[in-house]
Amino acid sequence: MLRFICRQLVYEPFRSMLTCVAIGSAIAVILLLEGFHTGLLVQLKNVSLNRGADLIVAQKGVSNFIASRSLLPQLSREAIESIEGVKSAHPITSVPVIYEKAGYRKSPVFFMVFDTGGGPAVIKEGKTVTKPRDIVIDESLAVLYDLKVGDDFIVSDFKFNISGIAKQASALFTAFVFINYDDMIDFFFDSDLVGDISNLPLLSYLLVELQPDVDKYAIAKSIEAIETDADVFLPDKISQNDVALGETLFGPVMGVLIGAGYIITLLVIGMIMFAAIHARLKIYGVLKAIGFSNKSLINEMVLESVFIIILAFPLALLIAQSGAWLIETRVPLYRVPIFETVPILRTFFSALVLAIIGAYLPYRFMAKLDPAIVFRG
Amino acid sequence: MLYWSLKTLFSEPVRLIVSALAVSVSFLLVVFFSAVFEGESDKMVIYLEKMQADVWVMQKGVSNMHMASSMLWDWKADKIAKLPFVKEVSAILYFNGPVKIGGKDWFSYIIGIKPQYQRAGPWEISKGKRIPGVGEVVIPEVISQLSGVQIGDEITLVDRPLRVIGLSRDTFSMASSVVFVSHEDLGELVKGRDQYSYIMVYANPGISSQDLIKHIKNEVDKVNALSSEDFINSDRTLAMQMGAEIISMMTIIGTLLATLIVAFTAYSLINHKQQELAVAKALGFSDGKIYIASLFQSVVITAIGLVLSIVLAYTILSWLPTVIPQVNLVVRPHQFISIASIALPIAVFASFAAVRTVIKVDPMTVFKG
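Quick note, the sequences are listed as chains V and W, same order. Heads up: the first sequence begins at 12 in this note's numbering, then just goes up one per residue. Heads up: the second sequence begins at 48 in this note's numbering, then just goes up one per residue.
In case anyone wonders, no lab produced these hints; they're calculated from the structure. Ideal Cβ positions, reconstructed from N, Cα and C, are used throughout, including at glycine. A few of these clues could be false.
[As the list claims (entries may be wrong)] Computed beta-carbon distance windows for the label pairs:
#	chain 1	residue 1	chain 2	residue 2	range
1	W	Pro60	V	Ile309	17 to 25 Å
2	V	Lys142	W	Gly149	44 to 52 Å
3	V	Glu23	W	Phe57	23 to 31 Å
4	W	Ser365	V	Leu86	51 to 59 Å
5	V	Ala383	W	Ile371	44 to 52 Å
6	W	Arg379	V	Leu86	48 to 56 Å
7	V	Ala113	W	Val395	52 to 60 Å
8	W	Glu201	V	Leu329	45 to 53 Å
9	V	Ile367	W	Gly335	21 to 29 Å
10	W	Asp334	V	Tyr115	45 to 53 Å
11	W	Glu201	V	Tyr115	44 to 52 Å
[As the list claims (entries may be wrong)] Okay, derived cross-link-like pairs now, DSS-like style, lysine-lysine, Cα gap no bigger than 30 Å in a straight line:
#	chain 1	residue 1	chain 2	residue 2
12	W	Lys97	W	Lys151
13	V	Lys227	W	Lys336
14	W	Lys261	V	Lys117
15	W	Lys147	V	Lys232
16	V	Lys170	W	Lys261
17	W	Lys176	V	Lys71
18	V	Lys71	W	Lys147
19	V	Lys170	W	Lys238
20	V	Lys293	W	Lys320
21	W	Lys151	V	Lys227
22	W	Lys269	V	Lys112
23	V	Lys112	W	Lys264
24	V	Lys293	W	Lys328
25	W	Lys129	W	Lys264
26	W	Lys269	V	Lys170
27	V	Lys248	W	Lys151
28	W	Lys320	V	Lys306
29	W	Lys107	V	Lys142
30	W	Lys97	V	Lys117
31	W	Lys147	V	Lys248
32	V	Lys56	W	Lys238
33	W	Lys107	V	Lys159
34	W	Lys54	W	Lys336
35	V	Lys232	W	Lys238
36	W	Lys238	W	Lys176
37	W	Lys238	W	Lys147
38	W	Lys147	W	Lys161
Using the sequences plus the hints, can you model the full thing?
Structure representation (C-alpha cells):
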C-alpha cells in the first residue's frame, strides 16, 4: 500500500508538490500562531529573569514584575544590603511613558530605570548607559522610528541620546528603554512634572545579589523580617507569575485563533483528500472491482493522508520559520519562536489526527463508488 | 466557456463548499484579529466614553489613560470647579495593574472614587451596590462569572483585601477591565491620598470644549487638558496601533493561505476536467478563452469564500463572546475592505497554477481512453 501511495505521489509531481505546500502552509499557520503565543509568554518570562538577580524584592502584595506598580520605601536598599549574605541590592524602577516622534505613530514605552544592575541584558549595537542623558532603546523602537546609536530620543521635550540598542527588550506589546536614576530625576524636573508628584516612583523593585553559597531562602526570610512592607521572590517565581498573567490576558484569544488554524488545516486536508479521490476515481474503481473493500481503500486514504503530513511537516516548519523571521525582522517588538519542543509536538500530532479525520471526510463518496466506473468512458 | 466553468464548479458541490469554506476561514482568521483589536480598543475607552465629560484634565505631558500614569494635586479639582464656564467636575485616582480575583490576576484599570464624585462610578450595576466605600470593591460581572467570586467575597488589590459589594456591567476587557475602589484605599496604595489622576470637567451650556481647555490651561499650572473626543481618540489610536503590525502580518498569512487554497482547487478541478478541456480545444476554443474560464473559476471560489467569511463573521464571531466572555469582538464592514481588495488578486494569482495545466492540454487527449 505504501508503494502505491509513493507511486501516486511521484506520478503527479506538480500536484504532489502543491498538496504538500497547501497542507504545509495550513500547518505553518498553526505553528506561527503557537509561536506567537509562546513568544508573548517567553517575553513576559524573560523580563524578570533578564535582570540578573538572585532575589527580587517588591512592594508587599505585588507579585508581578511587569504590568504592576510597586513602591518600596527608599531606605530599604540600605537595610537589605546590611543583611549578611547580601552582596548588593540594585534598585530598579519602571515608569510607563508614551513616546511620540513627528511623522510617526505614538507608542507606549516602559522606562526601566536602573543604577548598578538590572540594565539591558543583551546590547545589539552601541553600549550601555555610561554618561548623563544616555539611553538604551529596544531594537523594535530603532526599527519603528528609524533610530540609530547617536540619535536623539525625546520624551516630553526631554532629550536623551541613544547610546545603545538592546536586543529583545520588550513585553506586553511594549518596548523597554533603559536610563539611569539621575536622568529619571532630571526628566521629572525638566518635564515640569515633579510639582504634582508627592511620591516620586523612585524605587519599584530591588534586585538582590547574594554572596556565593548562601541560603537564598533564609536570606529571603531575613529581608521580609527587616523590611515589612516588602515581599521577596525568586526570579523564577515572579517570572511564573508574569507568565500566568499573560495567560489570563492572551490565553482566550490565542486559543480561539489556534482553534481557527486547526479548522483551516482540517478543511484543507479534507479538500485535498476529496480532490485526490476524485482524480483517481477510475483507479479506485479498478481496486474495488478486483476485490478491495471500502475499509481497505479508506485505510489507504488515511495512510496517504498521514504520509503527506509527514512530508509536509518539515515544509511547514520551514514556512513558519521564514514567517517568524520576517515578523521578528520587520517588527522586533514580537518574538515568534517556532522551534519549541512542546508546541511542535502538539502541532505534529494534532496534524496527524486531522489527517486521519480529513481522510475520512470523503468516506461516503468512496463507499458509494460503483466499481463499474472503470468500464465507463 | 464561462457557462462550462460554472457548470463544472457546481457539478461538484461538496468540493466547492469545502474549498470556499477553507478560503473563508483563512479570511476569517484575518477578520478575527482585527475584530479582537477593535473590540479591545472599544472596551479600553469605554470608561472615558461613559463619563461623558466635556474636558479631561491630567498631568502635564500626559495625553492618554491607557499605559499612562498621571498625578494632580486634589486642590486643582476644586480650583477648576470654581472657574466660570464650569458646571461640574468629577475626579478619579487611577492606576493600571493586576487585581487578584478568585486566585487569578486580572489586569485592570483601577478607579479610585470619592463619595462626592459618584458620577465617576460604574454606569450599570447588575447586582449589589454602586459606590464602594473603604475596604470595598465593585468588579465586572464577567470576572465574577469566570472566577466564581460573588458579592461578599474577598479579592486582593496589591496587599489589601477588599470585599466585593457590587458587580458592574459592560466593564470587562482582557487588557483593561474596570475595577472600582474607594479613593482612600487606592490613595494609600499609590501614596497619593491628596491626589487625583484625571479630572472630568462638565461645561455650562453653550461653552465649547476648546474655550474651556484654554481657560483651564490659563488658570491652572502644570496640567494638560483635552476634549473628550481628542482624549478618547488618542487612547483608541494607541490601542489599535499596538495591534496594527499583527493585523497586517495576519492579513499576509491569511492571504497567502487563501491563495494556495484557491490555486489548489482550481488546479485540481482543471486537472480533473482535462478531457473536457481537450474537447473544447479540439472544437476550436482558443487558449485565451480557456484561460478566462480558469480565471473565472478562481474568482467564483474566492467570491463565495469572501461571502461566506462575511456571513461567518457576522454570525460566529458575534456569537463567540457569549460562549467566551473574555473575548471582545467587534465586526465592522470596513474590516472586509482590505480582504475584498485582495480577493481579486488572489483569484488571478491562484489561477496561474491552473493555467499552467491548461497550456499543456493536448487536444488529442479527447481521443485517448
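Okay, the hints, checked on the actual structure:
| no. | hint | result |
| --- | --- | --- |
| 1 | W:Pro60 with V:Ile309: 17 to 25 Å | holds, 22 Å |
| 2 | V:Lys142 with W:Gly149: 44 to 52 Å | holds, 49 Å |
| 3 | V:Glu23 with W:Phe57: 23 to 31 Å | holds, 25 Å |
| 4 | W:Ser365 with V:Leu86: 51 to 59 Å | holds, 55 Å |
| 5 | V:Ala383 with W:Ile371: 44 to 52 Å | holds, 51 Å |
| 6 | W:Arg379 with V:Leu86: 48 to 56 Å | holds, 54 Å |
| 7 | V:Ala113 with W:Val395: 52 to 60 Å | violated, 39 Å |
| 8 | W:Glu201 with V:Leu329: 45 to 53 Å | holds, 52 Å |
| 9 | V:Ile367 with W:Gly335: 21 to 29 Å | violated, 43 Å |
| 10 | W:Asp334 with V:Tyr115: 45 to 53 Å | holds, 50 Å |
| 11 | W:Glu201 with V:Tyr115: 44 to 52 Å | holds, 45 Å |
| 12 | W:Lys97 with W:Lys151 | holds, 27 Å |
| 13 | V:Lys227 with W:Lys336 | violated, 79 Å |
| 14 | W:Lys261 with V:Lys117 | holds, 24 Å |
| 15 | W:Lys147 with V:Lys232 | holds, 23 Å |
| 16 | V:Lys170 with W:Lys261 | holds, 27 Å |
| 17 | W:Lys176 with V:Lys71 | holds, 29 Å |
| 18 | V:Lys71 with W:Lys147 | holds, 14 Å |
| 19 | V:Lys170 with W:Lys238 | holds, 29 Å |
| 20 | V:Lys293 with W:Lys320 | holds, 14 Å |
| 21 | W:Lys151 with V:Lys227 | holds, 27 Å |
| 22 | W:Lys269 with V:Lys112 | holds, 22 Å |
| 23 | V:Lys112 with W:Lys264 | holds, 24 Å |
| 24 | V:Lys293 with W:Lys328 | holds, 24 Å |
| 25 | W:Lys129 with W:Lys264 | holds, 14 Å |
| 26 | W:Lys269 with V:Lys170 | holds, 19 Å |
| 27 | V:Lys248 with W:Lys151 | holds, 15 Å |
| 28 | W:Lys320 with V:Lys306 | holds, 28 Å |
| 29 | W:Lys107 with V:Lys142 | holds, 27 Å |
| 30 | W:Lys97 with V:Lys117 | holds, 24 Å |
| 31 | W:Lys147 with V:Lys248 | holds, 16 Å |
| 32 | V:Lys56 with W:Lys238 | holds, 29 Å |
| 33 | W:Lys107 with V:Lys159 | holds, 29 Å |
| 34 | W:Lys54 with W:Lys336 | holds, 16 Å |
| 35 | V:Lys232 with W:Lys238 | holds, 26 Å |
| 36 | W:Lys238 with W:Lys176 | holds, 27 Å |
| 37 | W:Lys238 with W:Lys147 | holds, 20 Å |
| 38 | W:Lys147 with W:Lys161 | holds, 23 Å |
Violated hints for the displayed structure, listed by number in ascending order: 7, 9, 13.
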